[in-house]
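There are 2 protein chains.
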Amino acid sequence: MTAPPADPGSPLGLHRVVEPAGVLPQAAWRLDARAAIWPDEVRVRLGRLNLDAASYPQLHDAHGGDPGAMRSAVLGIVAERGKMQNPVTGSGGMLTGVVDEVGPASPLGLRPGEPVATLVSLSLTPLAITDGLARWDARSEQVPCAGHAILFGRSIATVLPGDLPGPLALAALDVCGAPALTRRVVAARRDPAVAVIGAAGKSGSLSVAAARRAGAGRVIGVVRDEREAADLRSAARPGHALADAVAVADARDSVALADAVAGAGGPADVTVVCVDVPGCEGGAVLATRTPGGTVIFFSMATSFSAAALGAEGLAADVSMLIGNGYVPGHAELALGLIRDHPGVRSLFENRIHAEGGRP
Amino acid sequence: MTAPPADPGSPLGLHRVVEPAGVLPQAAWRLDARAAIWPDEVRVRLGRLNLDAASYPQLHDAHGGDPGAMRSAVLGIVAERGKMQNPVTGSGGMLTGVVDEVGPASPLGLRPGEPVATLVSLSLTPLAITDGLARWDARSEQVPCAGHAILFGRSIATVLPGDLPGPLALAALDVCGAPALTRRVVAARRDPAVAVIGAAGKSGSLSVAAARRAGAGRVIGVVRDEREAADLRSAARPGHALADAVAVADARDSVALADAVAGAGGPADVTVVCVDVPGCEGGAVLATRTPGGTVIFFSMATSFSAAALGAEGLAADVSMLIGNGYVPGHAELALGLIRDHPGVRSLFENRIHAEGGRP
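Line order of the protein sequences matches chains A and B. According to the numbering used here, the first sequence is numbered sequentially starting from 1. According to the numbering used here, the second sequence is numbered sequentially starting from 1.
I should point out that these hints are in silico values taken from the structure, not numbers from a laboratory. Small disclaimer: the values here were computed from a predicted structure and weren't measured. Backbone N, C-alpha and C define an ideal beta-carbon position, used for all residues, glycine too. A hint or two may mislead.
If you want the footprint, here are the derived chain A segments under chain B, 3+ residues with CB under 8 Å [stated by the list, open to error]:
1) 20–31
2) 85–91
3) 115–127
4) 316–324
With the Cβ distance kept under 7 Å, some of the chain A side facing chain B (calculated, not the full set) [what the hints assert, rightly or not]:
5) Arg154
6) Ile156
7) Asp253
8) Ser254
9) Gly279
10) Met300
11) Thr302
12) Phe304
13) Ser305
14) Gly310
15) Ala311
16) Glu312
17) Gly313
18) Pro328
Please put together the full structure from these sequences, using the hints given.
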């Protein structure tokens, strides 16, 4: 280990930006991922990466699911960019690991040896991988690996809970912004009807649970097929369904989606988009009450122009929110919902299991 | 003219979607632009197109500004897609023309012979061009042309005002969603500090004027250079500056942008992004008060993932709105601001003049 750099760093990590100059780490093409830390930084020994729900399928499809090619792709991105930011999707994911070294000026309150998850995207986190991803079979978005990552002064990390298995906690924390923002938007209205598109997925099921807890008058879970509908219906506590109504529709078919939500008690006062496929913008707008409804887009596959022009083209007076991954208290909320809703927990565990067996 | 189709149409224009099936016109690759109208449609005889602020520069740069190549490009897109939706930017623009035929079931209240502007995007408007764009010198985003366009039952159009020159009204209506949403967001707060990024531009200057009228406590206009700063300062009424402070910064330089806003009285409670260049997301977030501020993205160059992940990466608890081009009353507001603010009108006239002389 070389001595830490002597010059003061930036809490935003600007000192790690190699190119282009002047941009924030998220917007940078390449970061300096050296292991030596600045005084306000923290170095984490990698445990696993959790590639995000847009990036993993893109890599999988681009390489025909070939494990060797997918390993090479991830290694190539990290080697070239100093971070795991998928150049096609622009997105990253998150990671877990163990705190290795804490700079004397770090404000994060972490201690060496603590197991942590980062709650800022891999797309801005300096990263180096040292084991060639030899333990990743590429069948899951969770990537066991060795190496290090750097946290800045203004990064967010949380100590992993002792009562939940690591992969489960990681999967919940990966999407924790969605239930937190859903809670905030729902709680600001009186008994709203809430539609969650992709309700049997990870961010979706947590958002359904968060909407219910925040006082939704009715929660409509939209899923893509009968299998997911059964999954969602099974995610109930005795006597308490997770969603009040379950509707089946292809979210890319705008009219079918709007009809499904309308038939389940819509239009929605709040629509939460949690499906990571392109082309859901118009249907989400069409499923939402106008005037006055709100659409929250969490999918990284959302097209800004499709949303903006789509709403305009429908003369739909709705508010459209970009799903900010950071809302204070988001980690605690997501972990709490997993603990309190065995049905949601089961959905997560089944997903994690299925991904481990992804063909 | 063939007889109008006998089958009932959809107010959303679904009957005009050729491929792929089931999507809304905005998301379609190709529309049926035949001249015969369905009972609830209106056909407009084209006067001019106004390519949007993302599409025109893309076409200009892609073809090195060559007028023949740019004409061919626009003609090719319209011929292939049945609408003027730039395949690279996804955006369109708007148009003016004269009402040619009104279907018996049209709810729009238009009459043949009226001069109108459409307030829904060209990206979803069936369009046919018949003059080869012979009158367009490609030096301006305003494209004189002959042909027809189709309005659906749920489209929005406005009769052009008699007291404003056509190009001026068209330019104002093209961006009228920005001041309208700015007004709504600003009016919901108490004396907020508002930063408008790109304040000397068309949507920017209208948003500055709208923010002031809606009760902003302080309006900070951010521009890219001293020439634009002088333009914005000159856009004052006697004794009443348009913006309280004018700051110069490159919006792609996140830290410089945030510093400029801070130095001019920020951070902003509301930041309005009106510059059509990529890479402004991080700076806009960084210039905004956290927790509790709001960023409104109007630029079609906005990257959804860059905004979502950028805010998360900065641990910035801000609301981020996708600029919906439709807000009730938006046309009247924009035209009223042009009438009431000679300085804003001058900015528009200078821009229109300069674009006519674009090298």
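How the hints compare with the structure:
{"no.": "1", "hint": "20–31", "result": "holds (count 6)"}
{"no.": "2", "hint": "85–91", "result": "holds (count 3)"}
{"no.": "3", "hint": "115–127", "result": "holds (count 5)"}
{"no.": "4", "hint": "316–324", "result": "holds (count 9)"}
{"no.": "5", "hint": "Arg154", "result": "holds (6 Å)"}
{"no.": "6", "hint": "Ile156", "result": "holds (5 Å)"}
{"no.": "7", "hint": "Asp253", "result": "holds (5 Å)"}
{"no.": "8", "hint": "Ser254", "result": "holds (5 Å)"}
{"no.": "9", "hint": "Gly279", "result": "holds (6 Å)"}
{"no.": "10", "hint": "Met300", "result": "holds (5 Å)"}
{"no.": "11", "hint": "Thr302", "result": "holds (5 Å)"}
{"no.": "12", "hint": "Phe304", "result": "holds (5 Å)"}
{"no.": "13", "hint": "Ser305", "result": "holds (4 Å)"}
{"no.": "14", "hint": "Gly310", "result": "holds (5 Å)"}
{"no.": "15", "hint": "Ala311", "result": "holds (5 Å)"}
{"no.": "16", "hint": "Glu312", "result": "holds (3 Å)"}
{"no.": "17", "hint": "Gly313", "result": "holds (4 Å)"}
{"no.": "18", "hint": "Pro328", "result": "holds (6 Å)"}
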